[in-house]
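Asks: Chain residues, written in single-letter form:
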Amino acid sequence: MPSAIVRGVLRLIVRLILTAVVLLAAVQLSLMLARGQGGGEAAGADALEVARAIPAGEVPPGLSILENGGGNAKPASWIDEALARAPGSLRIFGLAVLAALATGPALGTLAGRHRRLGLALEGLLSPLFAAVWLPAFWGACLVAWVQVAWWGHPGFADAPGAINDARGLEPWWRALPPAVLVTLSMLGWQVRAVSGGLKRAARAGHVRAAHAQGLAGAGLFYRHVFRNALEAPARCLDRSLPAMLGTQILVEWVLRFPGLGTLLVDSAREAQFPGMLVAGALLAAPSPVFRFLGEMLHAATDLRARRPAALAPDPVGSLT
Amino acid sequence: MPKSAKRQNRRRPRLRRAAGRAAGRLWLGWDPYLLLGCYALVFGLLGAAHILLPSAKAAADGARAWLAPNVSHWFGLDAAGNDLLMRSLRAGAVSLWMALLATLAGGAAGLAAAAAVALGGRDRGYRLLAKLCDLPALAPGLILLFILSAGAGQGFWISVALLAPFVAVFAAGRAAAWFFDWEIAGDVLAARTLGYSRARLVWEHYVPRLWPRVTALAAGILPAVLLAQAGLSFSGFGAGAEAPDLGRVVAEGRAHLFEAPWVAFCPGLMLWTFTLMLAMLGWAVRRTAGEPVVERVF
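Chains as they are written, first to last, in my numbering: chain A, 2 to 321; chain B, 285 to 582.
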């Protein structure tokens, strides 16, 4: 296990570096495309120059949520701006991940256990599956409309202070509607992934043999099926995370939530490459981290994962 | 020998044999044709709607702007007096065709890359392709799409070109994994032992296995591509003002969300309906072609 952790940490470091490289490559390609269309002052720069300019770069007033304190004050830098927005995004992300972890694998396991119910079960879970295909931006529009029309809540538009300066549980309460949307966007997929993994495991030879010997019900399921399909619940979060983050970006932007997603979309609309790079890097960072956690959980729960990985043998490799 | 037995043993003409085989295939495997018909219906009807329905400008009736949904205008009228149902149908056609083209182009490119690796037949090639396909998965696709869109701008073909590489990377990774698994299938091992060339191996043993899985993969990806494309155009990128798609129509409605909520709700509802319909069709295709349902053991 310790060696697996060391290998996992090394892989995590490599993945974080690769994530930065992928983002820089995307920025470089975008700059080249902008240059091809003859657009913008930034078109003359390259991605490394953009990255180097981030600490000293100044955020245009239209994009900043930090109060400048009058005309004489120095405008905020991109890093300050991103750090000021990060807690809001982190709250939404944390709530969504907790909700998804608490419900997705559990519901998926129940659906796998009671798959005998067939169509009735599918009917019960169909709202969750339908929510997966709900356009996130449209769902956020509905939430904004409900907030105003039914609750008289002014929404988040042009009120970043209301979120950043709030105390106690208020910031968490404000992060709840976007977090619910983000969770709903992936919950159905997680349930389906976990129950699908369990259904596949239930068709294995040893399960058939145990069933033929008279073992059935919960005993057979939890002892022989669930334990062999633990990879599905352990890894469903890290696999669904990129889509959850994508939903979060759109939901934040629609609700004008002062988070990193809003910074990314606004920067893209204004062709502010430093803003895109900072927000993109901070939003992409959880992806490798959760992948690492998923791998560790998998290594801890699945005995087969502790063995050294070996590729499938090539029986006729020497013949060809 | 009786005359009827003679007729029974007579070999039927080649044309009749071919027709009989075709009819048998059609009769026994009717579900793929049904699914194909469903897709043709969706895309054909929307394509026809895009061509035949009056354009938004021609249908505009400025005197009755912002009319709520009623019997004569099911989706209501927008700020310029356009009938929202007509507008949404035209925009839906643009969205769906953009998603379909991106899926087809990306899928073809991904398959070509995986087939090139399979022709080489080296483990190292498979591993390299798997690692390359893993790279974009490190950052959520929408982040990369926003960054790229900032430089590329708007346009129908620009959106297709931006979305297709993501489909290609996904398809290449999946196809390479299938090819790698098939390397040790019984018939492939026999063919390799008999000294088949890699090209013949790929053509005769991999391609026939590939079509059902590729169809299922494309059908599964299509609604996700549609959602990503709609999200992009809602945020100000996508097809542009010349050929507005559903994301853009919803974004226009968002500006009047509290005065005239139907301007955002109705096109959004149509988008959700299309996405759900494609997702269910994709599920049916997967169950028919890719992963047929296997009976429950207990």
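Rather than coming from a laboratory, the hints here were simulated on the basis of the structure.
One or more hints might be untrue.
With the Cβ distance kept under 7 Å, some of the chain A side facing chain B (calculated, not the full set) [as the list claims (entries may be wrong)]:
| hint | residue |
| --- | --- |
| 1 | Ser31 |
| 2 | Ala132 |
| 3 | Trp139 |
| 4 | Val144 |
| 5 | Trp151 |
| 6 | Trp152 |
| 7 | Ala213 |
| 8 | Leu246 |
| 9 | Ile250 |
| 10 | Leu265 |
Quick reminder that beta carbons are idealized off the backbone N, C-alpha and C, glycines included.
Asks: Please name the hints from earlier in the document that this structure breaks, with their numbers sorted from lowest to highest.
Replies: Failing hints, ascending: 2, 4, 5, 6, 7.
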